[in-house]
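Chemist: Construct the entire structure; sequences and hints are all you get.
Each residue of the sequence shown is one higher than the last, beginning at 1 in the working numbering.
Hints in this document: simulated from the structure, not taken from any laboratory. All clues given are correct.
Computed beta-carbon distance windows for the label pairs:
1) Ser120 x Ile55: 18 to 26 Å
2) Leu21 x Leu65: 23 to 31 Å
3) Ile90 x Ala117: 27 to 35 Å
4) Ser120 x Val48: 21 to 29 Å
5) Trp3 x Val91: 31 to 39 Å
6) Lys93 x Arg123: 40 to 48 Å
7) Phe41 x Arg123: 34 to 42 Å
Glycine included, C-beta positions come from ideal geometry on N, C-alpha and C.
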Amino acid sequence: MAWFLYLVSIIWIIMGTVLVLYTDWIRSSLKELVEKKNYRFLSPIPFVFGVLLVISAGWSEFFWLIFLLGLVGVAKGLYLFLAPKNQLEIVMKWWFDEASDRLYRFVGLICLVLGVALLSWIR
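Modeler: Right, here's the structure in full:
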């Protein structure tokens, strides 16, 4: 499962870089991608991602952090599946319309740092 950790770290580095450098473009692209969808159909993505992180945590030098990030992914997937539709619409509207560019860049920096750190922690 070390290959999965390499894949995740590269995806996080790319997403972090794009969020920092192309904030407006990524915001509008993600909004178009998700806008007309039922959010419950998106729930398997973070759920499976989280389960795979939990499974592959043993191949990392910082087991507890990767395990915790996997649990967060599982919780996000469960939230997207179980939350009431109006509550999800409020959260998505806030994320795509009201969240500031600074917040997007901050999330991008967190993704970038986690991606580089994960890349260096793989055994």
